[in-house]
Amino acid sequence: MEFFTVRNLTMKFGGLVAVNDFDITLKKGEIVGLIGPNGAGKTTVFNMIAGYYAPTSGTIHFQGKLLNGKKANEITRSGVARTFQNIRLFTELTVVENVMIAYHCRLRSTFLGAALRLPLYRREEKQMYEGAMEFLREVELEDLSREQAGSLPYGMQRRLEIARALATGPQLLLLDEPAAGMNPNETQDLLQLILRLREKYRLTVFLIEHDMKFVMQLCERIQVLDYGTTIASGTPEEIQQNERVIEAYLGEG
Amino acid sequence: MDEHHRRNQIFSIIAVACLFLFLLSMHLYADDYQIRILNNIALFIILAVSYNLINGVTGQFSLEPNAFVAIGAYTSALLTLTPAEKQMAFIIEPIIWPLSVIHVPFFLSLIAAGVVTAFFGFLMGFPVFRVRGDYLAIVTLGFGEVVRVVANNTQTITNGPLGLKGLANYTNLWWSWGIAAFTVFYIARLVRSSYGMAMKAVKYDEAAAESIGINAFKHKMLAFTTSAFFEGIGGGLLAHLITTISPTLFTFFLTFNLLIMIVAGGLGSITGSVIAAVVITWGGEALRVVEEPIRLGFIEIPGIPGMRMVLFSLILVLVMIFARQGLMGTREFTWNGLFRKIRAWTHRTAKES
Amino acid sequence: MDFSLIAQQLINAVSLGSLYGLIAIGYTMVYGILRLINFAHGDVMMMGCFFAFYGIMIFSMPWWLSFPIAIVLTAFLGILIDRGAYRPVRNAPRISALITAIGVSFFLENLGLVVFGGRPKGFPRPEIFGGIYTFGDIRFLGLSIWVPLIALVLLSGILFLVYRTRVGRAMRCISYDMETTRIMGVDVNRIIAITFAAGSAAAAAGGILWAMKYPQINPLMGIIPGLKAFVAAVLGGIGNVVGAMLGGLILGMAEILLVAIRPDLSGYRDAIAFGILILILLFRPTGLMGEKLPE
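Chains as they are written, first to last, in the numbering used here: chain D, 1 to 253; chain G, 1 to 353; chain Z, 1 to 295.
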């Protein structure tokens, strides 16, 4: 059984073909990058995998189960978590609350039990808090746990969003431009963080990124999209020498 | 998580005891008019706080409380009237079985009011939460109108436009304030639980909430049904407070009053809703002076009936333009917060002296 | 049911439907531009009726003078409401604007109760509209013919404004993207004011016709027609002027049909609109002629 397979995924908006016959297979534990010029359809691919768009055609299988037609929250609960290109934290809640909420979908307490603070809920709340703090330590934000999430600087917000995604207990993590807006030092830290998290939580990582140095260092395989179509895939070395990729990027700039 | 847990518990108990003593003294010494205002205040606390759960906490701006209160009021009233009274009241067409023979105590009728209303809320939720924003507001407003039209036309259940008269005056200070206290306690706890956090997450960013596995629809439904449950109980209390109900009682006007309260208090703040319910109910009574003639020496200024509602609607618009957050924003009263304020204050005065 | 009865009901339905349509135009124009449900629209219509009423009763104007003046005054009222209440919350979250609109609606209703009094007033029906005509078995009020005609003329006027003038082009631009339109040098606030004026004028015209049809007015008269007209606007596809008129006609038909076929259910007449609204939102949220609903 394949870990994660996408076949012939196509998305049309009216007459516009945003993604055309997209295929990919991920093995467990891989870090794979999806790159391409702006508007190539990368985020559309993520939105289809994560259940935000219903694909026009094609299939998405995760651990043998079909994901198409499931709602975003169901896909997350089946083990696929994501971050957003334009960070989407709950800015008015505290840092630790942002991560605690991610445990909510696995809560066993009932609605009444939680409101009445029955013993099971009190135990679970403690677990939620401790688990959230654990992830905050992982991304080095534990000292800021009581700050408002919206007050954090950009780079920290990115890390918080990753911690929040991790707290849903994913096996596949989709990162949409995790290094965007970071300086070179932060980018290096992020690279180490992703590698560390993959080891510790046995993650498979599929990411979109524009920072080529970052992608080439981090990813084991890379797939390139241009105008919704896959134009190349392979190891970072192969991609760097691929004519069509160079053309696509030069054509853009 | 909280090092002051024990202290806060003690203060909460003291606060409840103070409320009890206050109500006891009012019960013993206050006149009928004052008692009626106090009952109204409790009633509006129940209605405003539960309305705020769906509109403020979960961020689903809806306009249906008049429908829920109506369903609750009718349910409860039909259950406490005796079979003989019902036979007397339904003069145009007799009431249908089994309502014609059921007769239950007040408390059970309130529970039934809550459950029946919650059930209606649950059914309503399916079509209603397929839309958002302005559309949600209009559809829920429409439900309010539909409930009123149905109440007017189902002669054999609601007695149509005649309404139900001569209900027992069961609602006293203990019932109204007891239930108000429970409502605030329950909803405040709910909001602080992870279910409440999930509801807030749905309000702030539905897509992000879904991305961490929160079923937005389910949480809207939970908030809506809970809100309906308490609105229904409030309706039962209302029916046995004014002892006469008819479809004209449950117009959008009622919803509008609640809307002012939750907006002025701060959408999303339970504390704000409680304060606003007290101040606006009380203030509404105090403002009666503008509707009565005022004597200044020899000059008599005639009162203007209806002026209060003009002022209230003006207040709503002004709050929206100048103080959109309302009184509390989304903040809540906590003992910790209060003590922090006191410490900061004493610290400052100590420094100055 | 014989032919004359059907014809009779058809006339009633078209007449009622065009009234809903006229009021719906204002909703749809304002929504198209601001994405705001102007809750106060039905009450603006009510104010128009009272302007016309007082023009005739207090200032003893003839109807052909009083009605146009009332329509112009109502247009100014629309501008005033936008300037005083909606413009300050233009950049606030949409819910704030909606709450403001509800506040304005209640303000007008209650101000009406204070100033005009709550008792219904008989609205004069000029002779030209009041005659009863007979064709064989069909009997109808002259007004029932006038209403669709006037509606058609006003609809053409508004379509001309929206699709054939510079102002109309600016309106359509704003509805796509207000910020860009502003950057292009269009005085957005002025265009919005004109939109409110046009929508309010149409509502006043609809209101005056409504008042002559029933023929009485009171400060709360705008609520139910206002809500129904909103449903008509959604039914036709909100933002679409022709759709609003079409939605109005369909709603009018549905109501008349219900009363004609099942007179015992006529008490539920006011609930039909909301039944339709729920069905549209469930099965075709874009309305009949509209584009996709905004999230």
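Mixed in with the good hints, there may be bad ones.
[Said to hold, decoys possible] Restricting the straight-line Cα-Cα distance to at most 30 angstroms, the calculated cross-link-like pairs of lysine-lysine (DSS-like) are: (1) G:218 with D:126; (2) D:200 with D:65; (3) D:71 with G:86; (4) D:65 with D:27.
Hints in this document: simulated from the structure, not taken from any laboratory. Since the model is a prediction, treat every value here as computed from it, not as a measurement.
| said: Tell me the hint numbers this structure goes against, listed in increasing order. | reply: 3
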